[in-house]
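Visitor: Residue numbers (my numbering), protein chains in the order written: chain A, 1 to 458; chain B, 1 to 248.
List of simulated lysine to aspartate or glutamate pairs, EDC-like, C-alpha gap at most 20 Å: (1) B/K2 x B/E27; (2) B/K49 x A/E429; (3) A/K432 x B/E43; (4) A/K397 x A/E259; (5) A/K397 x B/D102; (6) A/K72 x B/E224; (7) B/K104 x A/D457; (8) A/K397 x B/E225; (9) A/K152 x B/E27; (10) B/K49 x A/D30; (11) A/K430 x B/E43; (12) A/K72 x B/E225; (13) B/K49 x A/E33; (14) B/K104 x A/D4; (15) A/K141 x B/E43; (16) A/K430 x B/E48; (17) B/K69 x A/E33; (18) A/K235 x A/E259; (19) B/K49 x A/E436; (20) A/K432 x B/E48.
Take a look, some chain A residues computed to stay more than 12 Å from chain B by CB distance: (21) I28; (22) V106; (23) P108; (24) D109; (25) S201; (26) E219; (27) F228; (28) D237; (29) R298; (30) N301; (31) D306; (32) R341; (33) G372; (34) D398; (35) F423.
Derived from the structure by calculation, the hints contain no laboratory data. We treat Cβ as the ideally placed atom computed from N, Cα and C, and that holds for glycine.
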Amino acid sequence: MGRDEGMRESGNGNPADGKGSGTVSEVILDTNELRLIEGHGRLKVRLSGNRIEAEFHNLEGPRFLTSYLRGKPAEMAPLVASRICGMCYTAHSINAAEAVEEALGVTPDGDVVELRRLLYLANNLRSHMMHLLFLSVPPIKGLISVFRLREKDLVAAGTRLLSTSTQLIEHWGGRSVHVPNVVVGGFGALVRGRELMESISRLESLRGDARKFVEHVLEMELPELERFRTMISLKADAYPTYAREAPLIINDGSTVTDEEYVNDLEEVVKEYSTSKHVYFRGSEATVGALSRIMLNRRRLNPEARDYAERIEWRINPFLMIKAQAVEVMHYLEEIVEAGERLSDATISPNGYPCVGNGKERRADPCFSDRSGKGIAIAEAPRGTLCHACEIEGGLIKDYRVYTPTAVNSKSIEMDSVELVKRFRPLGGEKLKYVLEDLVRCYDPCLSCAVSLDFLSDR
Amino acid sequence: MKAAFYSLTSCEGCLTTLITNLGPNLEALWRIFDIDYFKLVREPVGGEKVPRVDIAFVEGAVVTSQDRKRIAQIRANSSFVVALGTCASCGNIAYSASRGVDLKRRRLREIEVFEAEPLSSHVNVDFELSGCPVSAEEFTEALLRLLNGIEPKQPDFSVCYECKMRGNRCLLEVGKACLGPLAMGGCGAACPSVGAPCYSCRGPAVEADLTAYLKTIRRHGIPEERALSAVRAFTGKKILGLLKDGKG
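The following block holds chain B by itself, in its conformation from the complex (with noise of 0.2 Å):
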C-alpha cells in the first residue's frame, strides 16, 4: 500500500501534530506503507512529482494558483483523498478571512491567490476529519478503519456531549458564547475544560440546530451577533448549511 501526507495553505499544526502525536507510531506508518510524499518528515520522492498513491492524507485549505494545481493532481492520483483538518474540511478561518479582501489589488509574478476554499469545492473528498488542529487518535482510528476495509466515520455528537461527559460547569449558564451545541465532537471538549468557549473548530455537529441555539442563548442573555460572528470563524464554508438549516 502506498500513501502520501500533503500540506496546501496551513499553518502545518496538523501534520506536526500527528509527527509530535504518534510518538513511535510514526515511524511505524513506514511498515505499513510506501511513503513517497510526506511534509516535514522526508524529502519527497521525485521532486515536487505528485505520487500514485492509494491513501492520500491533504492538510490545509485551497488558495493559491499552486494549491489549486496540487489538489487536482492529488485527486488525479490517489484512489482515497482524505481531508485533514478544518482548512481542508471547511475552510477554516481563511474562509471567512479571505471573502471581502481585494485580492486583484495587486499580482505576484508567478503566484495567483484566491479566496479560501476546502478540498471539496474543487475536488470529491471520500473522508472528512476535522480539528484544527486533528486528534491524533481520531486519526489512528480513520487508518485502522481503512486499513480493515471498515468505511471511517466522523464523530457523530456535538462537543456539549463531550462537556457533560467530563462534568464541566456549562458555559453558557456563565453568559460565554459558547458553541458547543452545535459543534462537532471528537475533541474531547478541549477548549471548554479550561474554561473558554467552544467556537466550532470541527464545523457544525451531524444534531446541530441552529434555531434551537439561538433561543437558547437568548434566555441566557448572551447577545446573537455575538455567537453568529463566532460561527462565522471556523466554520468556514459548512456555516452556509447551518444558516440555512437555521432559517429553514
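Just chain A, with the same shape it has in the complex (with noise of 0.2 Å):
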C-alpha cells in the first residue's frame, strides 16, 4: 500500500536542482532551512509552464525508531516511541502502550484510562503552550524571539502555563520528557488521586494567565486563505483527545472506525523528504487543533467554547493557532475537571512482565505467549496520531507509526501553492515570510514525521 513518486531519478545523486521530474521548472520561492519548527524542513515552491508546486522537504535524519521495535520485547514499545518526538513524547508512549495492550488482549481498568487521558490533556496542553509561545506567535508580529515581544506580562503568563503543564507530566510521569511511569498495562508506580491534586490546583490558579494568553491570539490579524479539503478528527462523547475505540470523523459528515482510517492512509516516497507522505483515500487531508474544533466545538468545555464563539471557523489554516488557543482554555477547564473526578483514585503499579525467579513476584501480566494485531488513535497536539502494531510471541513482528505531520505534508504543499497564486502581488522577499509563517500554523513536527523514513518497507 505504498508508492514512489518521482524517484526515477534515485540513483543519480544530486541532480541539478529545477530539474523535477522530465519537464523544465524553475524555484520562485525557497524558504531554506525553516525557522523556528520542531525539526529541519525547507519549503520550494517551482514553476514548470504555467503550473506552480511546492514541495515540503523533511531534512530530518531518520533514526529507525519503529524498525527497530520489531523483534524487541512489546513491552519496549511504549519506551523507543517515546523517543520519536521531544514535544509529543506522551502521545507516543500512551498511544503505543495502547496499541500493544490491543494486540495482547490487556484491556487497562477504567482509572488507568482516566489517568492517561490526564497526561495526554497535560502534555497537549504543554506542546500548544511550546508553539504558541515560542514557535508561531513572535513571528506572525516579525519578531526573531519570544523574548522580543513587547507584552512582558504576556510572555509571563505563558511561561508560566508552560512550566505548571510541565510540571504535571513530570509529577505523573516521572519525569518532564519522556515519561518512564508510562508501560504496558497502566503505571508502573503507585498513583494517588489525591497527590495530584495539588499540581492541578496550580493548573487552576493560572486560569486568569490562560484567559489573557488566549484573549491576546484570538485578536491576532491573520491571513485569508481558506480553501476546501478533508479534515478528520476523532469522533467521541466529549472533545476528542483520548478516547479509546472512537470512531473518527470526516467532514462530509460520514465516519470511519480506527480499522478503516488505517486501511484508507497510503504512504508515499518523496524524492525530496526523508519522511514519507501519507494520504487519505489517494489524496490529501487535514488533521489538528482546527480540525477538532471544525468537527467537535460543541463539546468544548464552557469557556473554551464562549471562546470559539468568537471565530468565524472556516478552513483556513492560519487558523489553526486560534483553534490552539481555544483547546489552551478547554485543556485547562478538562484537567480541572477531570481532577476532581480521579481525587480519591489510587492506581496500583503494573506492567512489566517478569522474567526472573524473583520471590516477591507481583501480578504483573506475562505477554511471551500472546500474539495479536492492535491499533491505537488519538488527538495528539498536532492531530490524528496513529499507532499500529502486530505481536508474535510477546515479540513486535511489525510496527508503523502515522503521524499528524505526515498527514498533514500534502495540505502544506497544496495550501503553499494556493498561498502564492493569491499573494504574488507581494513579491518574493514578503512571501518567503507568509509562506515561513504558513507552514509554522501546521505545528509541523519532523522528528515525528520521519518515523515513517523513506527507507521503511511497504
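With the hints as a guide, bring the two chains together.
Guide: Structure below.
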C-alpha cells in the first residue's frame, strides 16, 4: 500500500536543482531551512510551465525507531516510541502502550484510562503553549524571538502555563520529557489521585493567565487563505483527545472506524523528503486543532466554547493557531474537571512482565505467549496520531506510526501553492515570510514525521 | 561571551527540556551570553551560517549529509563544544537502529543518510552531557563551572547508587532486567523510581563491570540476552567499550 513518486531519478546522486521529473521547472521561492519549527525542513515552490508546485522537504535524519522495534519485546514499545518526539512524547508512549495492549488482549482498568487521558491533556497543553509562545506568535508579529515580545506580562503568563503543565507531566510521568511511568498494562508506579490534586490546583490558579494568553491570540490578525479539503478528527462523546475505540469523523459528515482509517491511509515516498507523506483515500486530508474545533466545537468546555464562538471558523490553515488557543482553555478546564473525578483514585503499579525467579513476583502480566494486532488512535497536539502494531509470541513483528505531520504534508504543499497564487503581488521576499508563517501554523513536527522514513518497507 | 544551541538529528527533547525546565533562567542566558543561534527559541542571525562562538551546545546524532557538514562547521567556529544528550554523546537508539538497514536502497535528491554516529565520531568534543533527555540541573551546573573556569564533570556514580539513595526496592530482585548497576547516574534514578527498569539512557557508568553484572542477573534468573539487548538500545557506540571490557 505504498508508492514511489518521482523516484525515477534515484541513484543519480544530486541532479541539478530545478529539474523535476522530466519537465523543466524553475524554483521561484525557497525558504531555505525553515526557522522556528520542530526539526529540519524546507519549502520550495516551483513554476513549471504555468503550473505552480510546492515541495515540503523533511531534512531531518531518520532514526529508524519503528524498524528498531521489530523483534523486540512488546513492553519496549512505549519507551522507544516516546523518543520519536521531544514535544508530544507522552502521546507516542500512551498510543504505543495502547496499541500493544490491544494486540495482547490486555484491558487496563478505568482509572488507568482516566489518568492516561489526564497525561495526554497535560502534554497537549504543554505542546500548544510551546508552539504558540515560542514558535508561531512571535514570527507572525515580525519578531525574531519570544523574548522580543513587548507584552512582558503575556510572556510571563505563557511561561507559567508552560512550566506548570510540564510539572504536571513530571509529577505523574516520572520525568518531564520521555516519561517512564507509562507502561504496557498501566502505570509503573503507584499513583494516588490525592497527590495529583496539588499540581492540578496550581494549574487551576492560572486560569487568569490562560485567559490573557488566549484572548491575545484570538485577536491577532491573520492572512485569509480559505481552501476546501478533507478534514478528519476523532469523534467521541466529549471533545476528543484520548478515547478508546472512538470512531473518526470526516467533514462530509461520514464516520470511519480506526481500522478503516488505517486501511485508507497510503504512504507515498517523495524524492525530496526523508519522511513519507501519508494520503487519505488517495488524496490530502488535514488533521489537527482546526479539524478538531470545526468538527467537535459543540463539545468544548463552557469557557473554551465561549471563546470558540468569537471566531468565524473556516478552512483557513492560519486559523490553526486560534484553534490551539481555544484548546489551551479547554485542556485547562478539562484537567481541572478530570482531577476532581480522580481525587479518590489509587492506581496500583503494574506493567512490565517478570522474567526472573524473584521471590516476590507481582501480578505482572506475562506476554511471552501472546500474539495479535493492535491499533491506537488519539488526538495528539498536532492531530490524529495512529500507532499500529503486530505482535507474535510477545515480540513485535511490525510497528507503524502515522503521524499528523506526515498526513498534513500534502495539505501544506497545496496551501503553499494557493498562497503563492493569491499573494504573488507581494513579491518574493515578503511572500517567503508568509510562507514560513503558513507552514508554522500547521505546527509541523519533522522528528515525528520522519518515523515513516523513506527507507521503511511497504 | 558567545554561545549557541544547535540541533542535529534528534527528537529535540533536550532543547525542549532546557526551554521548559530552566524557567526564567532561560531568558537569563541572554544576560550572560550573546546568543546568535538557539534552535526553537530564536531566528538565527545570518540564516544558516554557523556563528563563531565560545561555547556550542549540540543536541542530536550525526545522520545526514547536512548533519556532517553542520558539525564540522560548528567545530571549526566554536572554542568549546558540548554534546547535549545521549544522541550527541552515544548515538542513542539510532546508533543500533541504523545498522543493518540498507541505506543505499533508495536515494533522495538533496540529502544522503548514513549510519548514526555520536558527535565524537566526527569531531573532537570537549564535554559530554548525557541523558535522554538531558537534565536542566546538570546543564546549569556544567554551565556555571565553565563560566568560572572550572572543568565540568560527568556523574561518576551509577544509577544503582542513586536508586539506593532513594530507598527504592531493587528491580533485579523482582526479576526485571534493570541496567542500573551499569548505567551512568545523574538522572536521580527516574525510571526505577517508577518501577520501570533502567535502560542506561546515559551510557555506561565509570564503574560499569559487565562481567559482574551478568553474574548477578544469572543469580536472579534473568536471561542474559535480554539484558544485553537492553544495553544495546540506548548505549549506542559506547556499548563497544563496555562489551570489550566485559570479555577482557
